[in-house]
Every structure is written in C-alpha cells, then in structure tokens.
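Produce the complete structure using the sequences and hints provided.
Take a look at the letters that make up each chain.
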Amino acid sequence: MPASPAPLRVVLVEDSLLLREGLVRLFDEAGYVTAGAFADADDIVARVRDAQADVAILDVRLPPSFRDEGIRAALELRATLPDVGVLVLSQYVEGVYARELLADGTGRVGYLLKDRVTSLEDFTEAVRRVHDGGTVLDPLVVRSLLAARPDPVALLTPRERDVLELMAEGRSNGSIAARLHIGVGAVEKNISAIFQKLGLEDSPSDHRRVLAVLAFLQG
Amino acid sequence: MTIAPTPERRARSYAQLWRAVPGNAVYLLAVFVLAMTAIGVLSGLFWSGIGTLVLVIGLPLVVLALLVARGFGIADRFLLRLTGLPPIEEPVWTQDDPTQNGFWRTLTRPIRNGHYWSSLLHGMIINPILSTVTFALTVTWLSVSLGGLTFWFWGGFLPRDDDSQWGRHVADFVPWLFGSWSPWAVEVTLYLIAGILFAVTMPWVLGGLAAAHHAIAKGMLGPWASDDLAARARAEAAARSAAVHAEDVSLRRLEREIHDGPQQRLVRLQMDLAALERRADGGDAAAAGELAREARLQAQAALDELRALSSGVAPPLLQDRGLSAALVALGEQSPVPATVEIAPGLDEAVPADVARSAYFIVAELLTNAAKHAEATGVVVRAWTRPDAQGGVAWLDLWVVDNGRGGAQLSSGHGLEGLRERVQGLRGTLEIDSPVGGPTKAGAHIPLRADVS
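Chains A and B are the protein sequences, given in the same order. Counting in my numbering, the first sequence runs without a single skipped number right up to 215 at its last residue. Counting in my numbering, the second sequence runs without a single skipped number right up to 788 at its last residue.
Because the hints were derived from the structure by calculation, they are not lab data. Do not rely on the hints blindly, as some may be mistaken.
Straight-line C-alpha distance at most 25 Å; calculated SDA-like pairs for lysine to any residue [claimed, not checked]:
1. K707/B <-> K110/A
2. K193/A <-> P671/B
3. K110/A <-> L526/B
4. K110/A <-> A661/B
5. K776/B <-> P148/A
6. K110/A <-> K776/B
7. K110/A <-> E630/B
8. K110/A <-> R657/B
9. K110/A <-> L602/B
10. K193/A <-> Q669/B
Quick caveat: nothing in here was measured; it's all calculated off a predicted structure.
Shown next as structure tokens:
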C-alpha cells in the first residue's frame, strides 16, 4: 500500500462503546486519523465539517430511537458535503437502505456488514474506494438482489454470475480479476457478455457500470 | 310514511291469525300436561334432594333434578314450535372449561350453571302456574266458541223442564227485547252470540297466551346475553392459549437453534483461541496464524447464524421503518414477482405486535406461493377495514397467486402453524385454493379488543 502524504481523516458514529473502541483501534492499524468518534448522529454535518473528515463511517441504529438514524444521517451528509465519503456499517443489510444510499447516483457511498471490517485488507479497500468516489456494496445485499431476479440472471454462466456479483459490490475490473484469479481481459469479456444477456448498455466508467447493474437488479 | 291497512289487508291478516289457532290450541293444552308432570317429578326430586343434602345422596338428587329440568325445558321449547313463533335456541350448557373432568367437577357442573337453575325454576314453579291459568282460559275459549256456535243442535237433546229454561227468565227481564220470543229461541240466540264473540277473539287470545309462554320460555330456557360474553371470554382464552402455544414452540426452536448454532461456534472459538495462546507462547507463529484464521471463520459463522436468528425473531426493517416498508421489501425479495398494495395509514393503525405477526404471515404465504404453488405472479394486499362505527377495526392481509392451487389447511404447507399464529391474534385465516388455482389466502386480524 503506497503511503499517502496526508493520512485519511475518519469520523466514526457508533453507539456501542465496545465496537467504537474496536473500530478506532482498527483505524489506527490502517493508518487513518480518527478525527472524531461519537455515540449519536446529532449535528452530524457540523461535526464532520469541523473534523475536516474525508470519510464518515456510521452505524445504522443510533440513539434516540435506534431505527434508521444512521441512514438518514448518511443521506444528509451526502446531500450537504458531497466531497466526504460515507460508509454505513450495520449488523444487517437491507436492500431498501442500499437503494436509498445509491439513489443520488453520485457514488462515494458504501454499505457493508460490520463483519467485513474484521478483514483489514477488505476494509481498507472499501474505505479507499468510497474515498475515491466509488460505490461499495456488501456481497449479502448483492446476493439478495440477485435472488429476487431469477429470470434473466438464470441465463448467466456460473462465472458470469460471479463477475456480476463482484461488479455489483462496486469492484473494478482489476479487483474482480484478482478475486477470481483470472486475467483482466477475461473479466472484460465476461462483463460484455453479461451486459448483452441482461440487455444493458456498457459504460467505460466503473461507477456508472455499477449503477447500471444495480438499477437492473432493483427492477 | 305508513301504509294504512286496507279492509282487504286487515281481512287477510286476520285469516293468517287463524292459521296459528290449531297449533296454539294444541300447544296450550299439551303444555299443561307437561307442566303438571314436570312439577310432580321436579318437586319430588329436588325437595327430597334438598332434604337429604346433609347425607351425600342429596347432591346427586339435586343434580338429577337439574338435569331433568333441562329435559323438560327442551320438551317445552320443542312443543313451542307448534305455535309457529320463532324457535328458541339452545342455551350454553357447558360454561366452564370442558377439558376439566374430575369426578366432582363433572358431577357439580349443572349446579354451577345458571341455565339449569333457570330451567328448574321454570319447570317447577313458573310454568305450572302459567300453564294453569292459560289452560283454563284456553279451555274456556274453546268450549264457549264451539259449544255456543252449535247449541242450536245439541241443545235439543238436553232434558228440558221449567227450571232449566233460563231463556224464560232472560225474556222476563228484558221484555222490550225478547217479549214475544220463546225461551228456546232466546237461549239459542244468546249462545250463538257468545260463541261468535269467543270464536272471533280466539286467535288473539290463544296467540296472546302462546306468546306469553314463548316470552317466558325465551327468557328462562333460551340463551342469555351473558352467554355471548362467556363465549367471547372462552374464545379469548382459546386465542390466548394458541398464542402461548405458538410462542412456546417458537421459543423452544429459538433456544435449540441458539444452542446448536452460535453457542457451539463460540465454544469452538474459545478452544481455538486457547490453542492459539499456547502456540503463540511456544513461539510457533505459523501454527498460531493458522489457528487465528480458523478462529475468525468460527466467529464469522457465529455472526451469520445470529443474524439469521435475530431477523427471524424481528426483521430489522420492520423495527426501523414499520410494516409498510417491511412488506414492500418482502415483495421485492420474493422469488415470484409480487405486487404489494398497502392501505394508507397502515403503520399508524397496526400495533407493533400485530405488525410483527402480519409480516411473518405474509412472508410465509409468499414462501408457499413460491415453493408449492409454482406461481408466476402474486399480489399482496394489506388493508384496514372499519367497523360499523367507522373506526379502524380490522387488518386484512391477502396473498393471491396464480399458481396451481390445491393448498389445504389440514396439514403440511406450514399452514397449520400459520393458522395458530392468526388465532393467537384472535383472527381468522381463510384459504381458498381449488386444484388448478388460483390460491387466495386471507388473514383477518382484529386491531381492537372489542371486535372479534
């Protein structure tokens, strides 16, 4: 990993002290600066702005009602501070929340299960992609979206399905190739086959492509 | 606007009154016999039972009197059908829990039921008095009308001497009217007038007497308004026990799943971590790394299992966003393309506990549509229904698919558990699924305590 000149500044909102401490430790290991760690999402925009954060990482269930405060805070952040990446971490994933986070189509958002942060490599990769303006979706969300669309997806070969899943998670061609232990050329070939079978328009931009796939999966 | 009865109409309704006369007459005569039998039998049993109550034999006698009173009550209600008045329904004879069947409980059951005592009071006291009066009036009316109208015929056969010719005294008393009449003609005329008067009024008199019997029997031998309350209380109790049972079953399953799943994983995780500690102390980095990887896999699996379990207990979206959002999401996740229709204001109308069950009911019905019905399309409709006063009182959940039908409530398909769940909410589940389809499943759940 190339050391960036200025370390990434992260704001964390997580109501559980246990997890908050664990995540701060993880950020240290990843080389991020924890610019703020809060137990609730009150005044989230001001807090993130004051902390000059690059990425905000939020839990979904937060005080006072422990419902979807984190999602609402994430949407508020996306609307007011478009340069700040937002990564939502949760104990469960809901297709509805994924759709709301992706709705503005500008990227720079991620939605992951908390389990994923146990792998430092996966986690830093996700934070980097969000920071770079991309989209990160948990494989579980992708899988539930795929399960709900049996018709054209059934036409895909197993390999094409793998590629589709990884693409929907927001991965680049290079990342997909590395994951599946195949060449980038093979990935590109699979992707054009997928787009043909699903009747979608291919796009050179990774992020656009992800949105096209997600739009398809959401029906 | 009321329609004034025309003479024609009046004549017709009078004729209709007459149609009831034979039945009423037979009833009024027969019920007297019944009442006299009843007073004898019931008094004998009951008072000898009371008299020997201090001895053990008294109690069964009292119970027997009550049971026999029930029988007389049934006989009376049966006879009342002769009158053409609306039949009196059977009261509720078993008001306490029929599954409690100890000897003393069974023996003393009639004593604890007001209907038995009411029947006894009716059969032993009220009906004999009433019947005596109505019997006398009935006989009077029948004999005067029949006898009066036919005196001209049978009067001639009576022995006639001066004393018995009361027509003469009448003629002497009102000479301006009967001055030139023979005593016989006076007698025939007066008898005829009395016969006509009694005959003309007979339908009303007999009808009124029968109606009096009917009204008293309805109050004393029929079901009471409090029976409905008792029945509702029993339905509540049944619903509660179904709910308790369903909850018990699901809690047991949850316990088992926690025990077999995450708990085992965490035990294994601890073992792995202990081994890891030993290896790390021993300086074997490679083995320690391998154990750490395994430990993480165990932890991950435990997390996955816990997530599946907790979303089975309460789906997160339902908690976060309410029933409408959760049902829409269910429709989107359904393998069979689903259209979801949601009543406006659903989330406010449905309390949280009902919402949770409603979610699982729809989820299960959708699963059935996908798994068993081979459907290619399904409609989910969650609607609220007002009661007569216009307040929201019912939640109607419909899941209708275009599959091959043939689903049955009796067994399999998980429909039985589903019904228990609906019953636990005091609701009803209806399945209309002819072979060949389509399948319509409807769960109707009351949202307030006062509707059922």
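Hint check results:
1. K707/B <-> K110/A: Cα-Cα ~32 Å, so violated.
2. K193/A <-> P671/B: holds, 20 Å
3. K110/A <-> L526/B: violated, 109 Å
4. K110/A <-> A661/B: holds, 23 Å
5. K776/B <-> P148/A: Measuring from Cα to Cα gives roughly 28 Å; hence the hint is violated.
6. K110/A <-> K776/B: Distance ~40 Å between K110/A and K776/B Cα, so the pair is violated.
7. K110/A <-> E630/B: Holds, at about 19 Å.
8. K110/A <-> R657/B: Roughly 21 Å between the alpha carbons, so the hint for K110/A and R657/B holds.
9. K110/A <-> L602/B: holds, 18 Å
10. K193/A <-> Q669/B: holds, 22 Å
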